[in-house]
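Sequences are here, hints too, so could you generate the full structure?
Numbering of the sequence shown is given in numbering that gives the first Met the number 0, commencing with residue 0 and proceeding in unit increments.
Check each hint, because a few of them may be wrong.
Here are the simulated DSBU-like pairs of lysine-lysine, each with C-alpha atoms no more than 35 Å apart in a straight line [what the hints assert, rightly or not]:
#1 K69 <-> K40
#2 K40 <-> K84
#3 K69 <-> K84
Pair by pair, the computed Cβ-Cβ distance ranges are [stated by the list, open to error]:
#4 E13 <-> G46: 43 to 53 Å
#5 R62 <-> N4: 17 to 27 Å
#6 P54 <-> L33: 31 to 41 Å
#7 M2 <-> E27: 15 to 25 Å
#8 E50 <-> L20: 20 to 30 Å
#9 I43 <-> G93: 22 to 32 Å
#10 N4 <-> T74: 32 to 42 Å
#11 E94 <-> R72: 26 to 36 Å
Hints are computed from structural coordinates only; laboratory data are not their basis.
The structure presented is a predicted model; accordingly, all values stated were derived computationally and were not measured.
All C-beta atoms in this analysis are idealised placements derived from N, C-alpha and C, irrespective of residue type, glycine included.
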Amino acid sequence: MSMPNLPDVQIDREDSLNTILASIGMEELSLAHLLNAEGEKIQIALGTLREGDSPFDVEDIYRINESARKMVRDTMMTQILLALKLESVVELAGEETASPRECEGSSDLC
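The following block contains the structure:
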């Protein structure tokens, strides 16, 4: 089996931190859309989003509520991971770094 050929990408420290921050932001936006969809699903089931009576019975509403509960739980877990990732990026962004030339013969900042 052969190894894949990966392009030689040159990304500096600032670009990589910005890319990670952008990915955190996109994940947060995705979670917001998912939670909004769950909220709309509940509103439709209860008949509050559209005029008219709810076409769902109590069992349907219970299942929809369970689905929303699980989505909120999973979203909370993802939020914790994103917060930890953000904390790490902020720490890395605040650290002093040395240029490759300064690293020659020294291990203090490298």
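query: Which hints from the list above does the structure break, by number from lowest to highest?
result: 5, 6, 7, 8 and 9
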